[in-house]
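Asker: Since the structure of chain A is provided, determine the placement of chain B on it from the hints.
Taken in order, these protein sequences are the chains called A and B. Numbering of the first sequence is given in this note's numbering, commencing with residue 195 and proceeding in unit increments. Numbering of the second sequence is given in this note's numbering, commencing with residue 195 and proceeding in unit increments.
Source of the hints: derived by calculation from the structure; they are not laboratory data. Treat the hints with care, as some may be off.
Since copy identity is lost for identical chains, a pair holds within one copy or between any two.
[Claimed, not checked] No farther apart than 30 Å at their CA atoms in a straight line, the calculated lysine-lysine pairs in the DSSO-like style are these:
#1 Lys-287 / Lys-371
#2 Lys-312 / Lys-275
#3 Lys-356 / Lys-255
#4 Lys-303 / Lys-316
#5 Lys-202 / Lys-255
#6 Lys-275 / Lys-457
#7 Lys-255 / Lys-433
#8 Lys-345 / Lys-356
#9 Lys-459 / Lys-323
2 protein chains.
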Amino acid sequence: MNRINALKQKAFEEKDFDGFLIADEANILYFAGFPGAACLLIPRNGENTLYVYGVNYEQAKAEGKGFRVELVKRDENLAAKVAAQVKDFGIKKLAFDMLTFENYRNFAKGLRGKARIKPQNKLVWELRKVKDAEELELMRKAGQLTCEGMKAAYEFIRPGVKEYEAAAEIEYAMRRKGSWSTAFDTIVASGVRSAFPHGGCTDMEIREGDLVVVDIGASYCYYRSDMTRTLVAGKPSEKQKRLYEIVKTAQQKAFQAVKEKAKAKAVDAMARKVIEEAGYGENFVHSLGHGVGLEVHEPPALSPQSKERLTAGNVVTIEPGIYLVGFGGIRIEDTVLVKERGAEKFTNGFYTIEAIG
Amino acid sequence: MNRINALKQKAFEEKDFDGFLIADEANILYFAGFPGAACLLIPRNGENTLYVYGVNYEQAKAEGKGFRVELVKRDENLAAKVAAQVKDFGIKKLAFDMLTFENYRNFAKGLRGKARIKPQNKLVWELRKVKDAEELELMRKAGQLTCEGMKAAYEFIRPGVKEYEAAAEIEYAMRRKGSWSTAFDTIVASGVRSAFPHGGCTDMEIREGDLVVVDIGASYCYYRSDMTRTLVAGKPSEKQKRLYEIVKTAQQKAFQAVKEKAKAKAVDAMARKVIEEAGYGENFVHSLGHGVGLEVHEPPALSPQSKERLTAGNVVTIEPGIYLVGFGGIRIEDTVLVKERGAEKFTNGFYTIEAIG
Chain A
195 MNRINALKQK
205 AFEEKDFDGF
215 LIADEANILY
225 FAGFPGAACL
235 LIPRNGENTL
245 YVYGVNYEQA
255 KAEGKGFRVE
265 LVKRDENLAA
275 KVAAQVKDFG
285 IKKLAFDMLT
295 FENYRNFAKG
305 LRGKARIKPQ
315 NKLVWELRKV
325 KDAEELELMR
335 KAGQLTCEGM
345 KAAYEFIRPG
355 VKEYEAAAEI
365 EYAMRRKGSW
375 STAFDTIVAS
385 GVRSAFPHGG
395 CTDMEIREGD
405 LVVVDIGASY
415 CYYRSDMTRT
425 LVAGKPSEKQ
435 KRLYEIVKTA
445 QQKAFQAVKE
455 KAKAKAVDAM
465 ARKVIEEAGY
475 GENFVHSLGH
485 GVGLEVHEPP
495 ALSPQSKERL
505 TAGNVVTIEP
515 GIYLVGFGGI
525 RIEDTVLVKE
535 RGAEKFTNGF
545 YTIEAIG
Chain B
195 MNRINALKQK
205 AFEEKDFDGF
215 LIADEANILY
225 FAGFPGAACL
235 LIPRNGENTL
245 YVYGVNYEQA
255 KAEGKGFRVE
265 LVKRDENLAA
275 KVAAQVKDFG
285 IKKLAFDMLT
295 FENYRNFAKG
305 LRGKARIKPQ
315 NKLVWELRKV
325 KDAEELELMR
335 KAGQLTCEGM
345 KAAYEFIRPG
355 VKEYEAAAEI
365 EYAMRRKGSW
375 STAFDTIVAS
385 GVRSAFPHGG
395 CTDMEIREGD
405 LVVVDIGASY
415 CYYRSDMTRT
425 LVAGKPSEKQ
435 KRLYEIVKTA
445 QQKAFQAVKE
455 KAKAKAVDAM
465 ARKVIEEAGY
475 GENFVHSLGH
485 GVGLEVHEPP
495 ALSPQSKERL
505 TAGNVVTIEP
515 GIYLVGFGGI
525 RIEDTVLVKE
535 RGAEKFTNGF
545 YTIEAIG
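For reference, chain A alone in the conformation it holds in the complex (with noise of 0.2 Å):
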């Protein structure tokens, strides 16, 4: 309630809303402590209520505690249904959080003459974006079992090893540790296409001498975590270990510039002056990273053109990477909590080039 409480501070006192409509699955989440309803109607006089299909009814009675929750039946068209409610608690102007058009569209016409409807989904991740000591707890335990996952990797990965046989062993680590779901798809990404970020994961055979760029993430309670390393399948060259190296020191630099009120870009712009004074600034082809919580991608982003400065709260990834097509790539990342001296880190270890097993 405390969440609903800062939002109605922001839209209702801080501007002159008096509805707010929240149609998005993760702010859902965030804001009933349940995602399976359809939509949430916070009115500034009446009750929160929780908008909610007969397949998810009485799981949500259940756990959507502190809510009027509603049934939407089969033959109920949801739009008509929240334009009604948004008659009933006198609501003028109603500020969303995020529709598609076509539902926005279905919407509006729907609340015609009754209230008008605007999108405010930067005051919802105004809240979302610092996370609160609850989430942070749950934080921590995604980033230990994150790093459950790259102890496998470094264990298990070896010349002859296919991609998704690393990836198989990986997530079964961190699920038998407890972890509810992986952050994202893994990427277990060798030779050559660890030059792609988003390299996903093959059925290729992992080759003596490859970079092997591991990127990972357990979730614990529908919270995230987000955490890269690279390594070597056998000896590392001169090059990669040099590349490596470099990779590391930009990480650390970055690292070192997490703080309270820190510009965005100048955290971003610590790593890049590493990678660009070594003359790979143009292989640096991503921002330096990015928030997480319950989606792996939030804001705020560490990027060049960030206007932002940080908050204690704020967790982001810290990710440089350097990426050289026909040869391969190299990525560090954690996801850090940022505090008002420094930050935390809630991935941490296995900084090293060379596989464990």
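Answerer: Here is chain B on its own, set in the frame of chain A:
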């Protein structure tokens, strides 16, 4: 390219559009064979163009065969860039698949005075819901992999095992055989939580006599599968066996009704009638099924409200269930291909309430 030509036929010949903007991730994958693009612009006259950020640019050039690949630089505005290209292509009436309201507004603003823009995702679904031979091979494979997971469930589930431990074994079995990822978050819901159709998977221990709903899916080359079985840890009670037989009969009857030109609601009714006549109509709280493909929930819906007729090439789930709050739930689900005469099961076997471990 056949898929793009089919879309052009529908949108440009049968309707009067002269451009199609594809922005939904699964749709991009469907038309381009590559998932990492920001959007795909298909003009009546001109080259099909993939818009790709730097992070995926090299991969798009390597894997996005037959497309012009346009790099979206960090400081460029995607909507403005696409709008300029729409103008260059001479597009006057642009269809799009799916955009958030805010993205729609950005595109519409960029196109003002140049082109009209209209949602037409239905045209894309008309194609995607009829799978071609290549897709069916991948979905057969996804179904086989899912059955490997179900075998693990029947072997591993016994009293004392935790739900997430069972999920770990199931997912590991699918992965080891070549599954790319779980098609959705694995459900292993035991005891009273089995009465929630989306009961998830917790750290609860499965107890002697518990109903356990196991709802799982493997994926292969991005194509998904969906399968549910319900089993009892230990010896099932008479009531559990009786309910099981009702659901099993309902599932068989519905399966027998699946064929080209069958009304979707008639197939739903076949299963619903069995459950209603047994006195549990109120406890079958969801539709009979849904389409499956690149996504786990696709058209066509098999529900009492559906107005569609099935077509050869549709791949749908058949999943009746009975859910008794405080007692538990039973669901039996297969992914099946609609054929000219009858149907083919992509998932099969394990129609028993007793574990085999």
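Asker: How would you classify Lys-345 and Lys-356 at a CA-CA limit of 30 Å: within, between, both, or neither?
Answerer: The answer is both: 17 Å in one copy and 23 Å across copies each meet 30 Å.
Asker: Regarding Lys-255 and Lys-433, is the shortest C-alpha distance of 30 Å or less found within a copy, between copies, in both, or in neither?
Answerer: between (59 Å within a copy, 26 Å between copies)
Asker: Within, between, both or neither: how does the pair Lys-275, Lys-457 come out at a Cα-Cα threshold of 30 Å?
Answerer: between (44 Å within a copy, 28 Å between copies)
Asker: Reference check for the pair Lys-312 and Lys-275, CA-CA at most 30 Å: within, between, both, or neither?
Answerer: This pair counts as both: shortest intra-copy Cα distance 19 Å, inter-copy 26 Å.
Asker: Using 30 Å as the alpha carbon limit, work out where Lys-202 and Lys-255 are close: within a copy, between copies, both or neither.
Answerer: within (23 Å within a copy, 47 Å between copies)
Asker: Are the CA atoms of Lys-303 and Lys-316 at most 30 Å apart within a copy, between copies, both, or neither?
Answerer: both (24 Å within a copy, 20 Å between copies)
Asker: For Lys-356 and Lys-255, with the copy left unspecified, which applies at a CA distance of at most 30 Å: within, between, both, or neither?
Answerer: Between copies only: 25 Å across, 46 Å inside.
Asker: As a check of your reading, is Lys-287 near Lys-371 (CA-CA no more than 30 Å) within one copy, between copies, both or neither?
Answerer: neither (47 Å within a copy, 54 Å between copies)
Asker: Can you give me the call for Lys-459 and Lys-323, within, between, both or neither, at a CA distance of at most 30 Å?
Answerer: within (17 Å within a copy, 44 Å between copies)
Going down the numbered hints, you'll see the structure goes against just number 1.
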